[in-house]
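Peer 1: Chain residues, written in single-letter form:
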Amino acid sequence: MTTITVKGADIITAPAKEPMSAQQVWGLILIAPYLLVFFAFVLYPVGYGLWIARHPVSYVKLFDDPIFARSVLNTLAFLIIGINLKMVLALMLSGFFAQQRAWIRWLSVIFILPWAVPSIPTILSIRFMFNPEWGIVNHLIFSLTADDGPNWLNEPTLALSLAVLTHIWKSLPFWTLILLAGRLAISTDLYESASVDGATNWQKFRYITWPSMQTLYLTCTILSMIWTLGDFNSVYLLTGGGPADLTHVLATLGIRYLRLDEVDMSMAAIVCALPLVLPLVFFMMKRLSK
Amino acid sequence: MKLPALRTITTEAKLLLIGIPVLLWTMLPIYHLFLFAISPKESAFAGNFWPDHPTLHNFVVVFRQQHYFLSHFWLQLWNSLVIAVATGALTLLIATGAAFAISRVKVKGGRLVMNLALFTYFIPAAFLAVPMYRTMGLYGLLNTDWALIIAMVTIASPYAIWVLKQASDKLPYELDEAAVVDGASTLQLFRLVYIPLMMPSLVAVGTYALLLAWNEYLYAFLLLSKDTSITLPVALGNFLSADDSPWELLMTTGLIYSLPPAAIYYTFKRYMVSGLTAGAVKS
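Read top to bottom, the protein sequences are chains S and F.
Using our numbering, the first residue of the first sequence is number 1, and each one after it goes up by one.
Using our numbering, the first residue of the second sequence is number 1001, and each one after it goes up by one.
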């Protein structure tokens, strides 16, 4: 008898303590598939990777490999030169596309193409354009100057610069569109009253456009850095890391070590990249969870 | 009267001075791709800007699979399609449930799951590739469609959940309350109220995941290796392994492969731009 009443009391009090318990159960069921994916295909691989990279000797080997140091430098060049160039261009072009003209609207539709098409065919197309013997670029150089053009993809500096330009070609439209949206959100009244006061275009940019866009610009730059760190295609499909492995970046280095069957070094290289990646990731997470 | 006209002309000229280089810069690699696709090999390799005899012969060779590199063209196209569609569907299934649980049910720990997902989204996918490759090997999934589908779902769903959560946070809670008063269960609320209201965002997210999987090269090339199981981008990459690659056929295949995502992008541009980019960097 007593047990029955206790059970009855439980049934009554349980929903009182958690009135949405049935809902919570459904919530858990609906979120479970993602948790499963997360644990099996993110957490486990990451843990496994860190486990592989646990031996200090892997890091000693890694730091002794001149290709590693070269890749770090290449990655930094990619980030510092490539991204700043890209974002400044995107900022300037967003001003261009903000002009109200029918032909500029059409141009903006075409301009987005590099972002809309898959990167592999276009990167391979660029690769052949710079082929030293048959590429269209060197044909053009020859017909203009009667001299042979440079061996583009066989000189480390030129090849890396081309990889940076390929990356910019691909992602410039996206960032221009984002910055354009930010620019169009600024009230036109501000510009009109500035015109009445006789402000120059530069003053309008300096005192109206830039102050309202600098936060967006910074966020875009950080996000672009994170994505560029993971840009495997622009380097791998254009140069393959060559010549002589001199154009690798951190994103392609892991695959290089995997191919050499040195998985521990592959993981160690990624672990070494974390001090660069994590601060950027935390910055973005703070921005987005606001 | 003359002065303003002159000023308009100079402004237009200045704009054209930016517009023309922008057009050339944008179109050159794409035009080059197209040029190769309609040129006989000799003409393409001679560096002509337009072939003397434009031809569709390359397309015939590709469609009839008349080259060693293309012997599985249709199968590889099919693989790309299956993997992209499956990734889109599975991502939608997983992300919609998770976003509903986090945003509407306010499931315990939902905030933590959202942060874990966001963290995953920001870790560059190339860094996860090698551990993912090893893990797939341990699970015995290497060289199956599932390996690539699951990998792409893993990469696509964090952003999908985040976009859907942002969108569902904006739905009025009165709707849920009214449905509950009318006696709707949580599942009915999900199916009959939530899903229909979220349609535009679901289209955007599904398209995002589908395009991500269709365009993926790195994971596809790590996880699949048999000629009959690889996707089209891996097949394109394999052209490079030969010294005398048939570049005109490679470019033709690449052009065919680029058309569906470009068409999808322009069709869903409205959804893509408003649904995907609005939240992404707005702060």
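Because the hints were derived from the structure by calculation, they are not lab data.
Hints are not guaranteed to be accurate.
Residues on chain F that point at chain S, a partial pick, calculated with CB under 10 Å [to be verified]: (1) Ala1005; (2) Pro1040; (3) Val1105; (4) Pro1196; (5) Trp1247.
Using N, Cα and C, we set each Cβ at its ideal position, and we do this for glycine too.
Peer 1: Could you run down the list of hints and mark each one as holding or not?
Peer 2: Hints, verified against the model:
With a cut of 10 Å, the hint placing alanine 1005(F) at the interface with chain S is violated, because the nearest CB-to-CB distance is about 17 Å. Of the supplied interface hints, the one on proline 1040(F) is violated, with its beta-carbon coming no nearer than about 14 Å to a beta-carbon of chain S, more than 10 Å. Residue-level restraint check for valine 1105(F) holds (minimum Cβ-Cβ distance to chain S is 3 Å; threshold 10 Å). A least Cβ separation of about 17 Å between proline 1196(F) and chain S goes past the 10 Å threshold, and the interface hint is therefore violated.
A cut of 10 Å between beta carbons decides the hint on tryptophan 1247(F): the least distance to chain S is about 6 Å, and the hint holds.
Of the numbered hints given earlier, the model fails hints 1, 2, 4; all others are met.
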